[in-house]
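*Asks:* The listed protein sequences correspond, in order, to chains A and B.
Per our numbering, the very first residue in the first sequence carries number 1; after that it's consecutive.
Per our numbering, the very first residue in the second sequence carries number 1; after that it's consecutive.
Any given hint could be a false lead.
Stated by the list, open to error - Dumping the calculated BS3-like pairs for lysine-lysine here, alpha-carbon to alpha-carbon at most 27 Å:
1) A:Lys70 / B:Lys253
2) A:Lys70 / A:Lys81
3) A:Lys70 / A:Lys86
4) B:Lys243 / B:Lys128
5) B:Lys243 / A:Lys70
6) B:Lys244 / A:Lys70
7) A:Lys81 / B:Lys253
8) A:Lys70 / B:Lys128
If you're looking for bench data, these hints aren't it; they were derived computationally from the structure.
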Amino acid sequence: MGIILCTTRGGPASYHTQDGAITLAKERGDTLLFLYVVDLHFLDKTAAPIVVDVGDEVQEMGEFLLLIAKERAEEQGVTAKTISRKGEVREEIKKVAQEEGVSLVMFGRPAGQESAFQLAELEEYAAEIERETGIETIIC
Amino acid sequence: MSQLILLSSFYLFTGTESAVLESAATEGSVGIAALISAGIFILMIIAISFRLLHETAAALLGAVTIFLVTYIGGHFNPALSIITFEGAMDFVDWNVIFLIMGMMIFMAILSETNVFKWLAFRLYLRAKGNTWLIVLWLVILTGITSAFLNNVTAILLIAPLSIQLAIALGLSPFAVVIAEVLASNIGGAATLIGDPPSTIVGSHIGLSFGEYLVNMAPVAILCLIALVVINRIQYRKEYAVAKKSISPTLVEKLESESDIEDFPTLYKALFIGTLTFVLFFVADYFGQMPLSVAALSGAALLIVWVRPDMEDMLREVDWTTLIFFIALFIVVGGMVTTGAISWLATRILVLAGDSLTRAIVLTTWISGIASGIVDNIPFTVAALPIVDLLTANIPGAEESNVLYWSLILGADLGGNFTYLGSAPNIVAVGLLAQAGYQLSFDRFMRDSVPVTIVTLVIATIWLLVRY
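Just chain A, with the same shape it has in the complex (with noise of 0.2 Å):
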């Protein structure tokens, strides 16, 4: 029984992968584990008083967003682990994907502006990964 990683933000763009890797899991017996990364970049063009903890706020923010994809893969009988992480996107799913000993890292297919990441950029990402950890990747 493997563990397969899968990459969420929460909102109706992120259900369709989310409901991806739970069909996934389901198939094989794997054990999920729902992952998000806080990034405050969109703070970096403000010269608004930022005088609270904001990495604190999102990562809460985040843990909510996990709580609920865990509910709804529990929902389906499948075991579900969560995990927020702060820092650079690409460089966390790396590192959590080899920390916690991932089968398969499972990412949502790009929908529009909506997403991190485009396409191209994506496939190349997910073959970066094949190639630096030996771990296997899925685009929904």
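We have chain A; now place chain B onto it with these hints.
*Replies:* Relative to the frame of chain A, chain B by itself:
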């Protein structure tokens, strides 16, 4: 001092009203230094509005360019001299800088207690599954918080929990977060410390905290009521089908996020905060004590009482914002000194003529529309000298300061037109994207334009009737 310089430059034009109009009609050109300073300002605005550079970097680059042109260009050709370093310092409104700094220190300590999330979660429980009521409470909480604390901080503290609640209830997070952003800009207009345009204008004309509150809070409340009514109409279908409750696991998670983290600090912050606000109200009684002195006194007392790590405390003061304001005052100072602002102001004066009504409508709506397109902070700093000239020349404007109120309302409410208009809008877009909801420019405007138009109409009627 800065006001003296502004006025002295305007008196070149304002001997009598007819002289101004005649002067405006005949004066066809401005000096090379005025053109360069205006060019630098326009480039800075473009860089900020289209996010080509960080706001602080853009403003700093603008200020430095003005000095380099003055000292290096002016060395070879005196006509290129825009403003000296010493002259520029007179344009920096230190009352604004220290007021914002004092409030930042207060906010940094208060926000660590988690009190805003605690309040937001209590309001959710109080709504007892009525989705519309939940949104109403959250929007009102944001509006009130923004009246006393910085708008961006209010959004950063309240919006993440609101997004979670909306998703859990099966409601589009746009219904809550866009309304909260609009409420933060409206609420910011209610007090002198609520929004930077309010602080800048209030400090410029020496308004007291109470005087500002009496004039602006009623219209801000009316605009907030209009916002919630429009939101109810816009999202009536979504509210009808939203869930009435959320799963116990999710409620447990929200509750654990919403605990008060440090009761002693919270009590101290509330006590000192109350004292500070009392000082804001009575500041005028003590020889027109600037509000920055009251804010810094509160911040200093709180630091001494709470004893936070000073290194951490200083890191939490957002120096980039303070530098942004200083650089901005310098860039606009360059335009005032060279006559670029006066040139523009006389043209607007010709447009307004003798009519105070026309001037009110023009100031409110030009400020409103401009603040939706460009950042409302640089706009306000640049528009202030223009309003000075209009106020000095239009009969009846000086007694009531009505054109300054028009500028404040236009800049604060107009910031809602597009998501480029003010910083909370940008931050909310980023937070929504982090939750997987991409808020496009058009989608934001679908909600924001009706609210902005209605609130600007309310503001215009208020100004015309009240003054």
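*Asks:* So, for every hint listed, does it hold in this structure?
*Replies:* To see whether the hints hold, each was checked on the structure:
no., hint, verdict
1, A:Lys70 / B:Lys253, "13 Å, holds"
2, A:Lys70 / A:Lys81, "7 Å, holds"
3, A:Lys70 / A:Lys86, "20 Å, holds"
4, B:Lys243 / B:Lys128, "12 Å, holds"
5, B:Lys243 / A:Lys70, "19 Å, holds"
6, B:Lys244 / A:Lys70, "21 Å, holds"
7, A:Lys81 / B:Lys253, "15 Å, holds"
8, A:Lys70 / B:Lys128, "26 Å, holds"
Checked against the numbered hints listed earlier, the structure breaks none of them; every hint is satisfied.
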